[in-house]
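Colleague: Sequence:
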Amino acid sequence: MKELLILLRKGSKSARIAAIVNTIIALIKGTAFFVTGNVAMFAETMHSLGDAANQFFVYIGSALSKKSPTKRFPNGFGRLVHLVLLGAVLIVGIMAFETIKEGWSHVLHPTPSKGVLINLAVLFVGVLLESFVLYKAMKEVLHDANVPTNGIGVIVKSFGALSRAKPATKLVFMEDLVATGGGILAIIAIVVSKATSFHQAEGLASIIIGLMMLYVVGKVFLENAAGALGEADSIMEERISQLLMKDPDVKDIVSVTVIKEGEALHAELEVEIDPTLTVAEADDIKDRLSERITKEHGVLDITIQFDEDDGVANWKNPS
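Residue numbers (my numbering): 687 to 1005.
Since the hints were derived computationally from the structure, they do not count as laboratory data. Incorrect hints may have been included.
Subject to a maximum C-alpha distance of 25 Å in a straight line, what follows is the list of computed DSS-like cross-link-like pairs (lysine-lysine) [stated by the list, open to error]:
1) Lys753 - Lys696
2) Lys787 - Lys696
3) Lys822 - Lys696
4) Lys699 - Lys787
5) Lys752 - Lys822
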């Protein structure tokens, strides 16, 4: 029990906050839907419920992935977060299907919107809360990518740095981006339905929100399927190769492989050095390279192999 509590403290902060906030939002939206029967509010309720459940599992998965290696699992549990995310997106997929189905039913059989003021007030509060969580996720994206910035720069740079974020952070970012956009879309649909006779607007909004949710499902599924298999990090491979070639004792590079292990990176290197060096000198080089490379953001461990210099420079900078 004590170990579990320690692991939970290490779980994704953005996922934990998002799970709590979306649970509150889902309860508020669900109450508004039962009072008014508004289909756009139903879509938003389902969306928030899906996000809350998803982000809760993401938080648990990100925490358990930091469990220390055991005799049975000597490589650790880093990829566990990918497996949890693959399961979690199924929840969002089911919610998306129900949202699209309900929206299509409203398009075929439109009814005037009820409880407009209640729905608009609830959606406005929801958008504010989702925006808060989204901004937190944006800051964590930049933290994961090791990109320092403040103010409006957080919003602008977070999109460019998203590919470097941890799996849990990336999921929270995408879900809350869609949730914020979906809330704004639902507000517009309710206003249009009330101001005009186009009552199908709420149904169309529900379908669009459901399709946005399906996009997140597809995106997260593909990325975490790659992560579960063991995806290479080409950016870090280039970065490490540049560090190696700056070392005076490294004559050439045979190979550089960096594999994403959940939220951490595992590097495997093979370099050529002077064959006349003693074992002690080679060991000093290995220690120096290991210390330098493990300082890189996200690198958890490193394996270095030496080969004798053949006098032919084969390594070319990938850039």
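Colleague: Each hint: holds or not?
Modeller: Do the hints match the structure? See the list:
1. At most 25 Å may separate the alpha-carbon atoms for a hinted pair to count; Lys753 and Lys696 meet this at roughly 10 Å.
2. For the proposed pair Lys787 and Lys696, the alpha carbon gap of about 39 Å is over 25 Å, so the pair is violated.
3. Proximity of Lys822 to Lys696 is assessed by CA-CA distance (about 17 Å); at most 25 Å being required, the pair is judged to hold.
4. A C-alpha spacing of about 34 Å is found between Lys699 and Lys787, which places the hinted pair above 25 Å, so the restraint is violated.
5. Taking the CA atoms of Lys752 and Lys822, the gap is about 22 Å. The hint holds against a cut of 25 Å.
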